[in-house]
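Turn these sequences into a full structure, and let the hints steer you where they fit.
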Amino acid sequence: MSPEAARLRLKTWLCSAIVVISNVAGNFFMKRGMPQHLAPLEYITVLFQPWVALGVLLLIVWLISRMTLLSWADLSYVLPVTSLGYVLVALLGRWLLDERITSTRWAGILLIVAGVALVGGGSAPQTFSRKPEHPS
Amino acid sequence: MKWVLIAIIVASTSIGEVLQAIGMRRHGEIRDFRPGALGRAAGSLARNSVVIGSVVAMAVAFFAYLGLLSVTDLSFAVPVTAITYVIETVLAKYVLNERVNWLRWVGAAIVLCGVALVSL
Numbered sequence: 016m017s018p019e020a021a022r023l024r025l026k027t028w029l030c031s032a033i034v035v036i037s038n039v040a041g042n043f044f045m046k047r048g049m050p051q052h053l054a055p056l057e058y059i060t061v062l063f064q065p066w067v068a069l070g071v072l073l074l075i076v077w078l079i080s081r082m083t084l085l086s087w088a089d090l091s092y093v094l095p096v097t098s099l100g101y102v103l104v105a106l107l108g109r110w111l112l113d114e115r116i117t118s119t120r121w122a123g124i125l126l127i128v129a130g131v132a133l134v135g136g137g138s139a140p141q142t143f144s145r146k147p148e149h150p151s
Numbered sequence: 016m017k018w019v020l021i022a023i024i025v026a027s028t029s030i031g032e033v034l035q036a037i038g039m040r041r042h043g044e045i046r047d048f049r050p051g052a053l054g055r056a057a058g059s060l061a062r063n064s065v066v067i068g069s070v071v072a073m074a075v076a077f078f079a080y081l082g083l084l085s086v087t088d089l090s091f092a093v094p095v096t097a098i099t100y101v102i103e104t105v106l107a108k109y110v111l112n113e114r115v116n117w118l119r120w121v122g123a124a125i126v127l128c129g130v131a132l133v134s135l
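Protein chains in written order, with the working numbering: chain E, 16 to 151; chain W, 16 to 135.
Hints in this document: simulated from the structure, not taken from any laboratory.
Careful, some of the hints might be misleading.
Short, incomplete list of chain W residues facing chain E, as computed with Cβ under 8 Å [claimed, not checked]: (1) 43; (2) 100; (3) 111.
The beta-carbon is built from N, C-alpha and C at its ideal position, and this holds for glycine as well.
Quick look at the structure:
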C-alpha cells in the first residue's frame, strides 16, 4: 500500500468511527425523548425537549462528519461501512438496557460485520477519478 | 399513512445522500482540520446549491422519520428504510460513476439482509 493510500485509509476509518458513534448516540437520545404521539405543532416544540435536543445536536455532528467523509470517499463505500452502527445499537441495547440478543439478531450482526469487512477490507475508499486539487 | 411516510423517507434519503456525495466531491477532499480552514470549508459549502439541496432533502427525510417513529416501532422503521442501501448503491454506480466491484455489491446486499435480521 502506498503512503497516500495508507493515509487515506486511516483518515477514512477515523472519520467513519465518528460518523457511526454520533449517529448511534443521536438516534438513541432522540428515541428516548420522543413522545408516543406527535400533534402537527409538536414536530417543532419536541425539538426543545432536552433528550431530543441532545439527539439533534449529535445528529448535526453526524451530518458534518459524514459530509467530510464523502468529500473523499465513495458513497458505495461509506454506506456499508457506516452500517456498523446497527451492530453498535444491538450491543448497546444488551449492555445498557438488558435487552436479549436473539439468535436471529446475532445472525444479522454477523452478516453486517461480514458486509463491512468485505467492503472495508476489499476495496480502496475512493474509486472515482480525483479532480485537480481544490485551490484554497 | 405509514407507507406514504416510508415512500417519502426512502425517496428523500436516496436523493439527499446522492446530492450530498455530488456536492462534497465537487468541493474536493477536506485535508485541513484546523478550525479556521474548517470554517472556510463550511462557508463555501453553505453557498453550494447541491449541498443545500441535499440538506433540504435530508431534512424532509428526518421529519418524515420522526413521524414514522411516532406511528410504528423502531423494529419496523429500521429494516424497511434499509432498502436505501440497495437503491443508493445503484445510484452510486450510475449517477456518481463509482467503480462498484462485486465485493461492494455483495457487501451492500449482505448488509441489507443483516439490518433486516437485526431489527426484526
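So, going through the hints one by one against the coordinates:
For residue 43/W, the shortest C-beta to C-beta distance to chain E is roughly 3 Å, which falls under 8 Å, so the interface hint holds. For residue 100/W, the suggested interface contact is upheld, since its CB lies about 6 Å from the closest CB of chain E, less than 8 Å. Evaluation of the residue 111/W hint against chain E yields a held restraint, the C-beta minimum of about 6 Å falling below 8 Å.
The structure fails none of the hints (numbered hints given earlier).
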